[in-house]
Amino acid sequence: MEAEAQYRSQVKAVWRATIIIGIVTVFEVSLALSHFFFFYEHPKLVINVFMTLATLLKAFYIIAEFMHLQYEKRTLIITLGLPLVFLTWLIVVMLVEGKFAFSLLH
Amino acid sequence: MQLLLIALAIILVYVVIAHVGKAVELISLIKDEKQRREDSSRTQAFWFAASGVFLGLFIGITIFTEWHKFLTVPASEHGKWIQSLIVVSLVITGVVFVITNFLLFYFAWKYRYRKNRKALYYPENNKLEFIWTIVPTVTFIILIVMGVEKWFKVFSDAPTDAVQIEITGKQFAWHVRYGGPDNELGPRDFTLVNSSNELGVKWTDKSSRDDIIDDDDIVLPVNTPILINIGALDVIHSVYLPDFRLMMDAVPGVPTKFWFRPTITTEKMREIKNDPDFDYELACNQLCGTGHWNMRRVVKIVTEEEYKKWLSEQDSYFETNILAQN
Amino acid sequence: MAEEIIEQEQEQVAQHFSLPDTNNEEGGEHSFLGASFGKSMMWLFLLSDAFTFTGLLLGYGAIRVKSEWWPDPNLVFNSMPFLHGKDVPLGFVTIMTTILILSSVFIVRAVQEGHRMNRKGVAIWLIWGIIGGLAFLGCQAWEWSHLIHSGMRPFYNVYYAGADGQTLKLAAAEIANHPASPGPSMFAGSFFGITGFHGLHVTIGVILNTVALIQTLLGTYHKRGHYEMVEKFGLYWHFVDLVWVFVFLFFYLI
Amino acid sequence: MTTDTIPGQFSMAHTAHHHKQTFLTKYIFSTDHKTIAKQFLLTGMFWAMVGGLFSVLFRIQLAWPDATFPLLETLFGHWFEGGRLSTEAYYGLVTMHGTIMVFFVLTAGMSGTYSNFLIPLQIGARDMASPMVNAISYWLFFIASVVMLASLFLPTGMASAGWTIYPPLSVLPQASPGSGMGMSLWLCSMVFFIASQIMGGLNYISTVLNLRTKGMTMFRMPLTVWALFFTAIIGLLSFPVLFASVVLLIFDRGLHTSFYLSDLYVGGQALSYSGGNPILFQHLFWFLGHPEVYIAVMPAMGIVSEILSVNSRKPVFGYHMMVYSLLGIVVMSILVWAHHMFVSGMNPFLGSVFMLFSMLIAVPSSIKVFNWLTTIWRGNIQMTPAALFCLGFVSMFISGGLTGIWMGNATIDIQIHDTYFIIAHFHLVMGVAAFFGMFAGVYHWFPKFYGRFMNETLGYVHFIITFVGAYLIFWPMHYLGMSGVPRRYYSFHEFRAFAEYDNMNILITTASIVVFFTQFIFVINFFWSIYKGRKMKTMNPWEANSLEWTTPINVNDIHGNWPGDLPTVYRWSYDFSKFEDEERDFIPQTEPLSQREIELGNNH
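Residue numbers (my numbering), protein chains in the order written: chain A, 13 to 118; chain B, 6 to 331; chain C, 730 to 983; chain D, 132 to 735.
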């Protein structure tokens, strides 16, 4: 019956992750709407940062729980995680370049 | 018919070569395998070493005969910095090039196959590997530091008194606009382009009224900072002035710029080069279509007095072309 | 000393022989990733697909950063089907997100049932997952057609900046007077381009899940002894969900 | 000896493949990795000849810009209208030469051939992880080839925006005749090609990770497998970004979005594109484009390490360092792309960061060079054609690599960017060098490919002319570039400064014609030897250690590579000349450690 218990705990973990993702989504949307309704005159930067972090949290739960990655072998996690360094660098470069083009134009 | 004959001749040559190869192989097979390997290794090591000597001579001789062509006199301030970096790199890489290539050919000759000899089992030496990790790293870091310092100097902000000009690329020519007496370029809008206003200058803006647009040689003063505002109308071009070591892409939609300080007038350069017809040339260096090779403009570097005189003789494009026509 | 080394070596050799073989039918070195080659191939594919989507999203990001002004998504995505004229900012897209996440959860459940070799359970959850996917596609189709009806095209954007920076919308009658897009045209271009590319992925995912469903119903996987195929297609489906989370952030929230 | 004569020995696991084979299933739609490797090789050879021919054609134009060649008009029709290469055809040929050589020959032809052939054979696997995906990978490449080939014959001209297809030139048919249908087919072909590469890469990686035979730990793999493995990783991470950039380009062309376009006035009218940024494309493109050069040269590095070691009868020096330097190259190569764009109008601060990375990537490369030199030091070098090509590779790699230190220095790059200097640099370091690796591989593994040897004499002739010729072609280009001659010019006579190099251009073109025709010696040798070459009589003709030489001579008839059980591995593949007093100077990987070795300790 050990398998059965494991199954139950896994199912529970998935629903838990679902609820967390749901709450985070509600949090994000309410942040966006609160800016829209109450702080429209103010810059959105801080809220954007919080929403990005919330999305990363969601992404973490999708990858770790739904895609089952946190239960996989460590090497697989590392193999998939390390290339994200390249992505990060690409993102940084592109956004800096976009800003630079902005500064040239205005 | 002629074509057929040529084709036949070529094929015949190849067939002969192939048969010779086959025959040589058959002859060599008579020998003992190891002896055969030793003989052919000697022959090939000889030819390889000979080709190394030939190439060494070729490279050595051409470097000396072509020296004046590839290390030309830089005609700008930052050109000299680049030149000095090139000399440093040339020395470092030259030494490494000679040593490593020599060792390669020498080892290939010295350690060619002999049937009675055994190679040395030498799989690792951490100390050695450590040395040739560290030494290149340190060398490169020195080069990087030298390069970065100059790089930021080249791309620093132009002095405020820099002469403003604008070079705009289009297929397949350059438009040049000078700031005019107020040394300020008026704004542009690509939707305003038409046959009488090929750059789309906004004439409503005051600063554009005195701008000079001239299709003749580009005239610029010596020893004065010059800020080139670069743009393009249709595709990416690249402003390239080899003598000034100046290159910057002209990108439609994204204005770029480059400032430099020319140090040698055209007249003086003619003396230096001992070539009375010499001219500085502006070329396009980014593939921009079928006329890419054809975008030539002459740049004239003159003394400051001559430049002032030239400037005073120029008319505002707005007054002579736009006002006069309407 | 020598004996120790011999022992060590023998142990090492013995270890090579006793390693469990997960993939190579004839037993080989242990799997580096701890997953069958099929699953590692799917993971690696998803990794490379993540690079594709990052490239696309950066195309959008770099342009948005470069632009002086961008329409406020709260004012653009504020319609709901069956609620004409009502202003519900971000309402519909939140529903879409929920649908896609739930559909992802259903597929996880299918995978878990697969581990228990529960054929019926797998089939039921797969059906739910497919329904979720189709519902999402339907929602996207509605949103697209709504935007297209209001005059949006990949190269034409009806939302433009008002005098003090607020988002205004061009009325349908005025469009003819504006041959060039009044607002940043890339607002529409990147939206259609990237959600379209994502939608293509969703479509492929639905097809894959349908294939898995048919195979499950036919009992192919049961005969095979494992439901790994469901797991692999499931990974793909979660990835689609993952991408949507970011699309949601970048196009609707920020 | 066919598989039928050894009943019972054939692996149980693969009896499914043991059905009756027709010509079609065996040679055309085969899922056997060896056949697919040969398909890649032959397609690659075809493309190499086309690409080489194109380079000769436009070199003729550069050497004799004002002469006419009626013969060429007869041969090539409207490209040579009136015996002179037209500008449209010139830029088309330049573009196609780059595309074909970089993508179809040095990427697909190179890693397609060797990954497919060597990975399963050298790690002791029966086939790729997924033979089906492998076959699909080839056929996608084939479709890409057909589409690209079709684009050559378009009456409106082939793509002519350079192999880097920078927008807006590649987007606007008004700007260049080749940007119409020609570019559409180019992009279409590229989409198939990228799909092919990603599928192949997935397969190579999971094969190496999952299908190694008993005892074949990662650090016992031959360096070829390491190199091909890393190549696949680079491809897997960078091709998707090219895909993204191509997709956005297709959006711009088809849907009139303006990801890459802004403020354009072309053909007498202002276009409605706005808000885009052409530099964006360059970033996305070079995110693939730079790793791409390592995709081309890394398999050659692996092949050279392996063949130099086998032929100098010495273990490759610093095996671990070789692996780590490959890894270093993988990591760095994906971080340095923007050094192709120092003067493209990018942020100068980013430029300096990219300069730092670009210079540091030379460190692992120089480690490799020193290790190769030490590998042949005090060796016993058998001068087979394969070994000669490897030595040639090292020389080319040094000569071309050192100028990389110039190009990587952003400040120097202001002067030599996009001139003939860069042409010399990358042709030496990743063009000729990678080709040399490819030739070396063919000469070395030909017996495994076809059970026969290639003719050595022809190999020697091929090598020496190609080697000297390549230097004669590319060395003078350094001088041209340093004095400012830009690349991709149809004629240098417009400019006074560039017109004075006629002699050098004639030298380069003559050498290139000679080298081009020399390659036919190789081609003839190749096809001749398939049918008439000296037969392979022993299983291990080069006395090498790696697993591919433990397969039977007729391995091509066996889908599954080893007729019996898979071999077991006890050591690394570089135990050459380990004991001076032993008659035999190599110890195959399948041989258990002897008592003496165990006592000695420190074994790989």
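It is possible that part of the hints are untrue.
Claimed, not checked - Here are the simulated DSSO-like pairs of lysine-lysine, each with C-alpha atoms no more than 30 Å apart in a straight line:
1) A:K111 with B:K155
2) C:K849 with A:K24
3) C:K898 with B:K207
4) B:K120 with D:K666
5) B:K27 with B:K39
6) B:K39 with D:K157
7) A:K56 with C:K849
Stated by the list, open to error - Part of the chain D face toward chain A, derived, beta carbon under 10 Å:
8) L206
9) I729
10) L731
11) G732
If you're looking for bench data, these hints aren't it; they were derived computationally from the structure.
Only a predicted model underlies this, so the values are computations on that prediction, with no experimental measurement involved.
Don't be surprised by glycine CBs; every beta carbon is placed ideally from N, CA and C.
For each hint, the structure was consulted:
no.: 1; hint: A:K111 with B:K155; in the structure: holds (24 Å)
no.: 2; hint: C:K849 with A:K24; in the structure: holds (20 Å)
no.: 3; hint: C:K898 with B:K207; in the structure: holds (29 Å)
no.: 4; hint: B:K120 with D:K666; in the structure: holds (23 Å)
no.: 5; hint: B:K27 with B:K39; in the structure: holds (20 Å)
no.: 6; hint: B:K39 with D:K157; in the structure: violated (38 Å)
no.: 7; hint: A:K56 with C:K849; in the structure: violated (49 Å)
no.: 8; hint: L206; in the structure: violated (46 Å)
no.: 9; hint: I729; in the structure: violated (30 Å)
no.: 10; hint: L731; in the structure: violated (32 Å)
no.: 11; hint: G732; in the structure: violated (28 Å)
Consistency note: the structure conflicts with the earlier hints numbered 6, 7, 8, 9, 10 and 11.
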